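Each chain, written out:
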Amino acid sequence: MASRFERLHAPLITPLTLVLAVIAAAAAWFIYLRFQLGLGAIANINAGYPWGLWVVVDVVIGSALGCGGFAMALLIYIFNRGALSPLMRPALLGGLFGYSLAGAAVLFDLGRWWQFYNILTPWHWNLNSVMLEIALCVFVYVVVLWLEFSPALFERFGWKGLRQFAENWMWLLIALGVVLPFMHQSSLGSALVVLGHKLDPLYNTAFLPLLFVTSAIAMGFGVVVVEATVVSHSFRRASEHALLVQVAAVMAWLLIGWTLFRWGEVAYRGALGGVLAWSGATVSLWLETLLALFAALVCLSGARNDARWLFMAGVAVLLFGSVYRVASYLVAYHPVGNYSYFPSFPELVITIGVIAFEVLAYLVFVKVFPVLGAHGAAHPARK
Amino acid sequence: MFHAQPDLETVLGDDPDAPIARFGNVTRRQIFKFCAGVAATMGLSSAAGVKMAQAATNPSRPPVIWISGQECTGCTESLLRAYHPSLESLILDLISLDYHYVLCSGAGKQATDYKHKIMEERRGEYILVTEGGTPMKDGGIYCKSGGHTHVDLVREAAAGAAAIVAIGSCASWGGVQSTSPNPTGSVGTHEVIPDKTVVNIPGCPPNPYNFLSTVLHLLTFGRPPALDALNRPRFAYGRLIHENCERRPHFDAGRFALEFGDEGHRQGFCLYKIGCKGPETYANCPAVGFGDVGQGTWPVGVGAPCFGCTEQGIGFEKPVHALADLKTQTPPSLYPGVDAPKGKGASAAAAAAVAGVAGVAIGAGAMMLRGMGAKSDEDKGASDGEA
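So the sequence lines, in the order shown, correspond to chains A and B. Everything in the first sequence is counted per my numbering, starting at 1 for the first residue and increasing by one. Everything in the second sequence is counted per my numbering, starting at 1 for the first residue and increasing by one.
Since the hints were made in silico from the structure, they are not lab data. The model shown is predicted, which means the values in this text are computed figures rather than measured ones. Some clues are possibly wrong.
Covered stretches of chain B, as calculated for chain A (at least 3 residues, CB under 8 Å) [said to hold, decoys possible]: (1) 284-294; (2) 361-369.
To give a feel for the contact side, a few chain A residues facing chain B, derived at Cβ under 10 Å [said to hold, decoys possible]: (3) Ile45; (4) Val250; (5) Tyr339; (6) Val349.
For glycine and all other residues, C-beta sits at the position ideal for the given N, C-alpha and C.
Using the sequences provided together with the hints, build the complete structure.
As structure tokens, this is what we get:
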């Protein structure tokens with residue numbers, strides 16, 4: 001079976017990768033300080049805001065950005081849109097790093113991180129805990145992602161037997177890879193349901209799990225659009241625009257449905273009175289609505305034929321999901337007591353460094369392993 | 001002071017779990033456990049526990065004469081409710097309680113005669129326990145027994161006593177009947193016999209284990225435990241209730257019950273503001289508790305402010321709802337507001353980092369869009385043909 005994917009033949013060390021490496025090294029230094037001196041010396045998180053930048057950006061948003069593989073698997077295998085499969089591996093790779101680093105980020109956000117191994121000791125599980133569900137599910141999903149991606153590694157090293165074995169069992173991994181994100185992406189919303197009145201009325205709903213998982217799928221499509229556009233542009237590869245337009249259409253209807261449901265739900269609960277108040281929650285609600293509608297409008301109109309507009313729509317979707325998550329976890333969250341939170345410089349450097357490392361690793365992987373769709377300049381694989 | 005002690009082994013026998021009839025069928029193991037527990041209560045070494053077991057099982061154990069004056073028998077009731085061991089099976093036998101109004105098997109002249117017999121035969125050996133205040137006004141006529149005033153009975157018994165223990169607040173300083181205007185001129189035992197050392201075990205009632213521990217210390221070492229300026233054993237009255245109170249963290253944090261049954265009271269907050277006298281009362285109530293049913297079984301533990309029963313001038317004297325005079329830390333009149341801002345704002349470096357990242361992202365996006373514009377014009381024909 002000839003591979004439908006190919007390596008990107010480009011130098012590993014470029015000015016961009018060097019800059020990314022420097023940022024990642026700075027983050028590593030602060031992570032070292034965090035373990036040496038403790039959370040309080042590094043981070044601004046406090047008793048009112050125990051979840052700060054690391055959880056919200058690295059874990060919640062990071063894992064949603066890692067939903068590219070999940071969203072594409074849903075589309076390609078469940079809805080049988082096989083033509084889109086060249087987009088699968090790059091999306092999977094993004095998800096791989098998004099999730100792996102989300103799991104790593106949890107480790108340095110934990111106060112007593114040396115207890116983390118207890119996640120593997122079932123007799124210590126609290127089966128009523130949403131966090132347990134998230135932790136276990138993400139843990140398993142990271143393993144599944146690596147296995148899903150493993151054929152690319154086996155191809156590179158020429159281990160045909162192993163690759164065939166992995167391909168034979170791929171249906172199981174794909175099934176798991178679709179089911180697991182449904183579980184933990186919705187649980188990231190469930191984790192907020194218990195906050196009750198601490199969440200602004202515009203955000204406090206029992207439908208948080210549904211809103212989280214569906215917006216994560218939209219972000220998954222968004223990240224595929226952005227990533228494919230950036231890669232094809234930066235590495236001067238043939239555009240995958242024709243495929244991306246199909247993805248964008250699905251994404252657009254998802255966003256419209258999401259926004260309608262979101263507003264309908266707010267209205268149904270009688271919380272509409274808050275949408276004109278001047279507060280962070282209100283601004284966030286309008287921002288995410290406008291971003292979603294902008295993206296949907298672009299993706300359903302003639303503007304989608306212009307790669308630039310489509311790229312902006314993809315970015316808008318990523319911003320939309322990020323705004324919704326930052327608002328749910330920080331802006332629309334009002335802890336009891338007069339607490340305030342803004343990330344410290346070291347916190348920011350660590351988060352930026354983690355993202356830089358993600359991008360760096362992605363760039364290295366696409367150059368070392370067959371990840372990108374093999375249609376290079378002449379589109380040989382697409383007939 | 002007491003008889004030489006025989007070898008413990010010969011007294012107790014070999015089998016640790018065989019009941020010893022002479023001690024009310026208590027086993028040797030139980031005696032050791034009890035004495036070791038008492039020694040631990042007083043902060044003594046485990047070797048002292050062995051000595052106590054020896055003293056407590058001494059066949060010629062010293063008699064105890066218990067005289068009651070202006071009292072309510074609450075101290076006796078309290079002592080009867082000591083459960084490790086139960087008083088009747090161990091301690092009454094061990095200390096040979098030879099005279100006690102309430103617990104004597106005999107009565108009237110018979111009992112009084114026996115008291116006199118012991119006082120003569122064991123002169124200089126017996127322990128005198130006084131319960132209740134002693135009225136001094138009008139020649140002490142307000143409390144009499146067998147035609148004699150209580151003050152005379154106390155002086156008579158004290159003359160030949162090896163040691164004197166005043167149990168309860170009434171015997172310690174006069175207690176409730178000495179409260180102003182003190183119509184009977186009630187005073188504590190030590191004021192009746194100023195030339196003798198009286199160990200005071202105040203409390204209304206006192207914790208039975210404070211009394212038992214003191215008596216066993218007397219039996220064991222021939223002298224009372226370390227006493228404070230008011231002749232109270234320091235192991236029991238050395239610290240303020242406030243110091244060991246389980247509600248102390250609430251005091252320090254400024255969380256107070258403001259009236260009975262309010263939110264703070266139901267939450268178990270500090271009772272200082274509804275008149276708890278713990279901050280000016282010396283006793284070990286929070287550490288030992290009452291009734292042998294576990295931690296928290298003392299007045300403050302169940303939500304009733306301490307009323308200072310062990311402290312002269314406070315118990316029965318200060319109004320129940322009056323604030324205690326704080327002997328240690330005074331709570332600040334102004335606590336930091338519960339609404340004080342917590343958390344750090346944005347530092348210049350953090351703000352700069354956010355702005356920098358946003359700037360780079362927007363810049364990179366703009367650059368890319370511009371580059372794409374140039375490129376899409378180039379290959380427009382190609383992509384159209386493909387579609």
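Do the hints match the structure? See the list:
Restraint check on the stretch 284-294 of chain B versus chain A: 0 residues with Cβ-Cβ distances below 8 Å, three needed, restraint violated. Counting residues of the stretch 361-369 of chain B whose beta-carbon sits less than 8 Å from any beta-carbon of chain A gives 3, enough to reach three: the coverage restraint holds. About 9 Å separates the beta-carbon of Ile45 (chain A) from the nearest beta-carbon of chain B, less than 10 Å, and the hint is met. With a least beta-carbon distance of about 18 Å to chain B, the hint placing Val250 (chain A) at the interface is violated under the 10 Å criterion.
At a threshold of 10 Å, the smallest CB-CB gap from Tyr339 (chain A) to chain B is about 5 Å, leaving the interface hint in force. Hint status for Val349 (chain A): holds, given a least beta-carbon distance of 7 Å to chain B, under 10 Å.
When each numbered hint is compared with the structure, violations occur for hints 1, 4.
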